[in-house]
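Engineer: Generate coordinates for the entire structure from the input sequences, incorporating the hints supplied.
Each chain is listed here by its residues.
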Amino acid sequence: MSIHEIRILPPLAIARLGSSEEPLENYELVVEDPLGHREIRAAETLRVDARTGEISEAYQPATPIKFRDSKRIRPVAPFLEIFARTDADTLIPLTVDLLAAEGLNPGDVKWSVSLGNLKAFRRTGVEQDKVHASTSFSDHDVHPIEGRCDNFLAGKILPLGSARYIRPNAAFPEIRLRYTPAAGLVYGASERRITAMGVNGPITEADDVVKDRIIYDTTKEHATWLGYVDPGEPTDTNPGAIYAGYANEKGAQVSWGYLDDECDGIVEAELQVGFKTLRAFARIGAGPPAFAPDSLPIRTVADEIEQALFGPEVRLADVSAERVEDIVRRAYETVRLLNTAVLNGNPVDGRFGTESMMSLQDSNDFHRMFAPIMATTLVDNLSVVALHQSILTALKSGTPPWFVDVLRQPEEVGDLSDKGRRKMPAMMRGADARYLTLTRRQIDLIRRSVTRGLFPARSAEE
Amino acid sequence: MRARNERYLSSLFSASPKLPASLKIEMTMLAAAKHAASEAPPAEFTWREFAVFLLTTAAEIEHSLMVQYLYAGWSLGGPQVPEEHHEAVAKWRQIILGIAKEEMGHLATVQNVIRFLGAPLALDREDYPWDSVLAPYPFALERLTRATLAKYIVTESPEIWPDDVSVADRKEIEKLAAGPDKQNVNRVGALYKKLIELIGDPSKLATSEFHPESYPTQSSWDEYARGYGKGARGSSVGGTTKTPDVLVMRAASRADAVAALTAVAEQGEAPDKTAAQDDESSHFRRFLTIFKHFPKDGAWEATIPVPSNPVAPGLPAATGQSQIEDAQAGLWANIFNIRYRMLLSYLAHTHSPPGESGTTRRQGVVINRMFGEMYTLRAVASVLSRLPLNAAGEQRAAAPFQMPYSLQLPESDAAFWRLHVDLLAACRTLLEDPRISGGDHSEYATTLLSLDATAAEEMRLYAGASTVRTGPRHKGVA
Numbered sequence: 000m001s002i003h004e005i006r007i008l009p010p011l012a013i014a015r016l017g018s019s020e021e022p023l024e025n026y027e028l029v030v031e032d033p034l035g036h037r038e039i040r041a042a043e044t045l046r047v048d049a050r051t052g053e054i055s056e057a058y059q060p061a062t063p064i065k066f067r068d069s070k071r072i073r074p075v076a077p078f079l080e081i082f083a084r085t086d087a088d089t090l091i092p093l094t095v096d097l098l099a100a101e102g103l104n105p106g107d108v109k110w111s112v113s114l115g116n117l118k119a120f121r122r123t124g125v126e127q128d129k130v131h132a133s134t135s136f137s138d139h140d141v142h143p144i145e146g147r148c149d150n151f152l153a154g155k156i157l158p159l160g161s162a163r164y165i166r167p168n169a170a171f172p173e174i175r176l177r178y179t180p181a182a183g184l185v186y187g188a189s190e191r192r193i194t195a196m197g198v199n200g201p202i203t204e205a206d207d208v209v210k211d212r213i214i215y216d217t218t219k220e221h222a223t224w225l226g227y228v229d230p231g232e233p234t235d236t237n238p239g240a241i242y243a244g245y246a247n248e249k250g251a252q253v254s255w256g257y258l259d260d261e262c263d264g265i266v267e268a269e270l271q272v273g274f275k276t277l278r279a280f281a282r283i284g285a286g287p288p289a290f291a292p293d294s295l296p297i298r299t300v301a302d303e304i305e306q307a308l309f310g311p312e313v314r315l316a317d318v319s320a321e322r323v324e325d326i327v328r329r330a331y332e333t334v335r336l337l338n339t340a341v342l343n344g345n346p347v348d349g350r351f352g353t354e355s356m357m358s359l360q361d362s363n364d365f366h367r368m369f370a371p372i373m374a375t376t377l378v379d380n381l382s383v384v385a386l387h388q389s390i391l392t393a394l395k396s397g398t399p400p401w402f403v404d405v406l407r408q409p410e411e412v413g414d415l416s417d418k419g420r421r422k423m424p425a426m427m428r429g430a431d432a433r434y435l436t437l438t439r440r441q442i443d444l445i446r447r448s449v450t451r452g453l454f455p456a457r458s459a460e461e
Numbered sequence: 000m001r002a003r004n005e006r007y008l009s010s011l012f013s014a015s016p017k018l019p020a021s022l023k024i025e026m027t028m029l030a031a032a033k034h035a036a037s038e039a040p041p042a043e044f045t046w047r048e049f050a051v052f053l054l055t056t057a058a059e060i061e062h063s064l065m066v067q068y069l070y071a072g073w074s075l076g077g078p079q080v081p082e083e084h085h086e087a088v089a090k091w092r093q094i095i096l097g098i099a100k101e102e103m104g105h106l107a108t109v110q111n112v113i114r115f116l117g118a119p120l121a122l123d124r125e126d127y128p129w130d131s132v133l134a135p136y137p138f139a140l141e142r143l144t145r146a147t148l149a150k151y152i153v154t155e156s157p158e159i160w161p162d163d164v165s166v167a168d169r170k171e172i173e174k175l176a177a178g179p180d181k182q183n184v185n186r187v188g189a190l191y192k193k194l195i196e197l198i199g200d201p202s203k204l205a206t207s208e209f210h211p212e213s214y215p216t217q218s219s220w221d222e223y224a225r226g227y228g229k230g231a232r233g234s235s236v237g238g239t240t241k242t243p244d245v246l247v248m249r250a251a252s253r254a255d256a257v258a259a260l261t262a263v264a265e266q267g268e269a270p271d272k273t274a275a276q277d278d279e280s281s282h283f284r285r286f287l288t289i290f291k292h293f294p295k296d297g298a299w300e301a302t303i304p305v306p307s308n309p310v311a312p313g314l315p316a317a318t319g320q321s322q323i324e325d326a327q328a329g330l331w332a333n334i335f336n337i338r339y340r341m342l343l344s345y346l347a348h349t350h351s352p353p354g355e356s357g358t359t360r361r362q363g364v365v366i367n368r369m370f371g372e373m374y375t376l377r378a379v380a381s382v383l384s385r386l387p388l389n390a391a392g393e394q395r396a397a398a399p400f401q402m403p404y405s406l407q408l409p410e411s412d413a414a415f416w417r418l419h420v421d422l423l424a425a426c427r428t429l430l431e432d433p434r435i436s437g438g439d440h441s442e443y444a445t446t447l448l449s450l451d452a453t454a455a456e457e458m459r460l461y462a463g464a465s466t467v468r469t470g471p472r473h474k475g476v477a
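The listed protein sequences derive, respectively, from chains G and R.
If you're matching positions, the first sequence starts at 0 in numbering that gives the first Met the number 0 and goes up one per residue.
If you're matching positions, the second sequence starts at 0 in numbering that gives the first Met the number 0 and goes up one per residue.
Some hints here could point you the wrong way.
DEER-style ranges, computed between Cβ atoms [claimed, not checked]:
(1) G:R40 to R:T318: 54 to 60 angstroms
(2) G:P409 to R:A424: 43 to 49 angstroms
(3) G:A61 to R:T428: 41 to 47 angstroms
(4) G:D317 to R:Q407: 48 to 54 angstroms
(5) G:A57 to R:P433: 40 to 46 angstroms
(6) G:D293 to R:D168: 57 to 63 angstroms
(7) R:A39 to G:F351: 36 to 42 angstroms
(8) G:V30 to R:A254: 40 to 46 angstroms
(9) R:P409 to G:T194: 54 to 60 angstroms
(10) G:L336 to R:D126: 26 to 32 angstroms
(11) G:D293 to R:P409: 50 to 56 angstroms
(12) R:P81 to G:F351: 52 to 58 angstroms
(13) G:E321 to R:E456: 26 to 32 angstroms
Since the hints were derived computationally from the structure, they do not count as laboratory data.
Where is the CB? At the ideal position from N, CA and C, for every residue including glycine.
Structural biologist: Below, the structure is given as structure tokens:
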């Protein structure tokens with residue numbers, strides 16, 4: 000059995016920032032009560048011995064799963080495992096034995112991690128604002144991933160977490176790397192920040208958010224991130240002005256020069272087998288923690304990838320009532336997390352448009368007359384949640400879905416008429432963009448499940 | 000229509016309802032028009048009362064049509080439909096259920112005009128089958144066939160049929176609609192025409208007869224149409240881009256009331272030549288399109304084998320009704336009837352006058368509950384269609400849509416909530432029956448019980464909050 004090819008699985012891993020020393024343990028989301036919250040059920044977890052870098056055990060975590068230690072959030076630190084293709088159809092974990100069969104040992108695996116944070120560069124367009132980090136290793140030490148940037152102060156870096164090649168042992172001979180993301184801290188460019196423009200000039204205060212974490216050198220020739228203002232050009236982000244700062248006398252958002260420790264990039268593995276150099280890569284990223292871990296969004300990266308892989312149409316054989324129910328459940332879970340009355344644009348204690356919300360953005364961006372999205376009477380949250388529960392319940396009867404017509408089509412995200420704004424999915428939390436639509440593939444799944452439900456025999460035959 | 004109402008109808012119309020189809024409609028409507036044009040209202044009526052009477056009749060007809068269309072639409076499908084016809088049958092189903100939604104809008108609009116006249120809601124109707132001189136034809140819950148389609152077409156037909164319908168086609172449709180008994184099929188539009196004339200005439204109905212203060216409790220498009228409407232919402236079904244178009248219109252003035260009734264009348268018929276050519280604009284045209292493609296006898300079967308006028312266990316089935324005999328199906332039929340009553344109770348509740356302490360704020364809560372019940376009815380109907388009607392097993396059970404013993408409405412907000420809680424409790428007893436909890440659809444029953452338990456808990460708070468300001472609340476579960 001020889002190694003023809005290597006791959007890293009999963010090919011995409013999303014870490015979640017956290018400052019606890021203990022990574023989050025593994026869990027699965029299980030639907031026990033069809034109308035309740037998903038149960039967070041502990042799942043087998045690998046414990047890494049910090050001293051040796053080996054996996055000391057695979058254990059079943061205690062319940063309930065702990066998401067934080069005191070105030071420190073437990074980071075999600077994914078494992079990336081190398082798999083070997085040994086013939087046309089066999090993909091198996093790469094192990095010490097498999098390496099030995101090729102006359103190799105774990106030290107022959109070379110890992111490279113390249114990460115970046117281009118948030119400041121995305122706005123300023125200044126090359127010197129790019130933050131990059133890269134490291135390569137074959138040992139089993141913890142390798143900090145240090146973001147470097149031309150516009151940083153001398154000796155300063157942006158910590159982007161660490162990577163460790165797990166030392167294989169007899170019990171866990173697989174070849175894997177663990178990426179541990181950064182703590183979730185904010186770094187800055189100045190000890191003080193401007194909060195507003197006063198009559199006699201800027202009003203400032205000590206900036207405790209970035210205290211002791213000043214890394215950006217505002218004195219450098221091309222350092223424009225502190226004080227940056229979106230120029231109002233097509234290259235602006237959409238929506239614009241989405242960086243921390245203050246509003247100047249013209250109402251424009253002025254950057255405080257903040258940098259966070261989120262990042263994304265590539266993990267590569269390289270292995271010399273005979274005369275061939277085998278390489279594989281995976282993508283990793285680090286984002287914010289999940290603060291509603293028992294709920295899933297209605298449209299996720301997984302939905303996007305599935306559409307990219309398999310196209311916008313679903314094969315009838317892949318249509319199932321469970322998949323439709325899952326979409327509706329995710330809609331229900333999203334609604335459960337919304338303050339529907341406020342986000343709808345209902346007046347709150349006599350005030351209109353108090354929060355960043357879609358109904359307000361329709362006015363800000365397009366000068367649409369400000370109006371709530373749904374009838375103001377209909378958006379009491381308990382009642383909207385109950386309505387979504389009614390849909391979930393009805394689907395349990397086996398009746399085919401009937402709501403295809405009220406789904407927003409991808410071409411309709413900019414339809415700001417009353418009926419356009421009232422299609423589903425209706426609102427997003429704190430969204431200041433246009434309306435959300437399911438992926439074409441999700442819509443097609445629901446559409447096809449109607450046919451499947453109406454003509455059951457044909458479905459049964461397939 | 001209540002049987003006692005026929006007394007008034009017989010005095011209104013010079014023609015007998017038993018006359019042949021060719022004569023009845025023209026004569027009855029002419030007679031009615033004569034009354035409407037005269038200076039004095041019909042005996043025992045004021046003009047206002049007469050308008051309310053006609054609106055009540057219109058409400059009953061819209062209600063009956065809506066339920067019939069739901070029943071017919073739900074009958075489409077089943078494993079026997081050949082695969083090459085799946086798309087067409089799915090489309091027909093969507094079209095007919097879309098028309099049912101529009102009839103729901105008509106019913107809501109008529110109720111609004113009734114409220115505008117200061118009259119009580121008209122949610123009652125007879126159980127199926129039933130007939131009346133003002134009904135377009137004897138109402139019946141039937142699966143979709145060419146004959147039922149023909150009745151729907153004639154009911155919703157314009158005065159002048161469009162040119163592209165050949166004389167032979169029209170004759171065939173009218174013959175099928177009349178059936179073997181050659182019964183008359185009235186046009187719904189004629190009733191609206193009379194209503195519009197009456198409400199639009201200040202010499203018969205003074206402005207002081209109207210109640211614009213009812214406007215806040217009238218149903219609104221914003222609350223009811225859920226994004227369906229204005230002719231442009233589109234549909235997932237290929238080839239239907241303009242429907243359904245749910246009209247829910249409110250009235251704060253005479254002009255509003257006339258406009259609302261005119262719009263309702265026009266949505267059924269193709270009001271002009273252009274609309275008559277458009278396959279999507281009118282109910283008439285949409286039914287006609289299905290009729291043209293519907294399989295002729297024996298070619299293939301587009302519907303599930305559901306009976307006509309199914310009834311839940313209770314009194315023996317009357318003439319023309321089909322008793323649901325299967326034990327499990329019978330219980331689900333009882334559940335269906337309770338949920339149907341709940342839906343009507345929620346609908347009535349939404350029209351109740353705004354009360355103290357936040358009753359108005361709960362309007363949306365009630366409306367959302369009402370829509371939730373629509374989903375439940377659809378689900379229970381789906382369950383019924385998968386259960387046998389009786390031991391023979393050839394026919395399936397279906398939604399009975401039987402009216403409750405009474406639609407006398409509670410007088411206070413709290414009493415409404417108590418009624419809702421009572422109905423949930425009655426339903427719980429059925430859902431917990433071992434034949435349901437151990438039956439084919441136990442997972443659905445369990446989920447529905449869970450949904451209802453939460454609803455009952457919430458409603459008890461509302462019932463208590465309307466009458467009791469302090470003190471412990473009863474903590475039981477419905």
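Engineer: Each hint needs a verdict: does it hold in this structure or not?
Structural biologist: We went through each hint and held it up to the structure:
no., hint, in the structure
1, G:R40 to R:T318: 54 to 60 angstroms, "58 angstroms, holds"
2, G:P409 to R:A424: 43 to 49 angstroms, "45 angstroms, holds"
3, G:A61 to R:T428: 41 to 47 angstroms, "42 angstroms, holds"
4, G:D317 to R:Q407: 48 to 54 angstroms, "52 angstroms, holds"
5, G:A57 to R:P433: 40 to 46 angstroms, "45 angstroms, holds"
6, G:D293 to R:D168: 57 to 63 angstroms, "59 angstroms, holds"
7, R:A39 to G:F351: 36 to 42 angstroms, "54 angstroms, violated"
8, G:V30 to R:A254: 40 to 46 angstroms, "53 angstroms, violated"
9, R:P409 to G:T194: 54 to 60 angstroms, "57 angstroms, holds"
10, G:L336 to R:D126: 26 to 32 angstroms, "45 angstroms, violated"
11, G:D293 to R:P409: 50 to 56 angstroms, "39 angstroms, violated"
12, R:P81 to G:F351: 52 to 58 angstroms, "56 angstroms, holds"
13, G:E321 to R:E456: 26 to 32 angstroms, "29 angstroms, holds"
Going through the hint list in order, the structure does not satisfy hints 7, 8, 10, 11.
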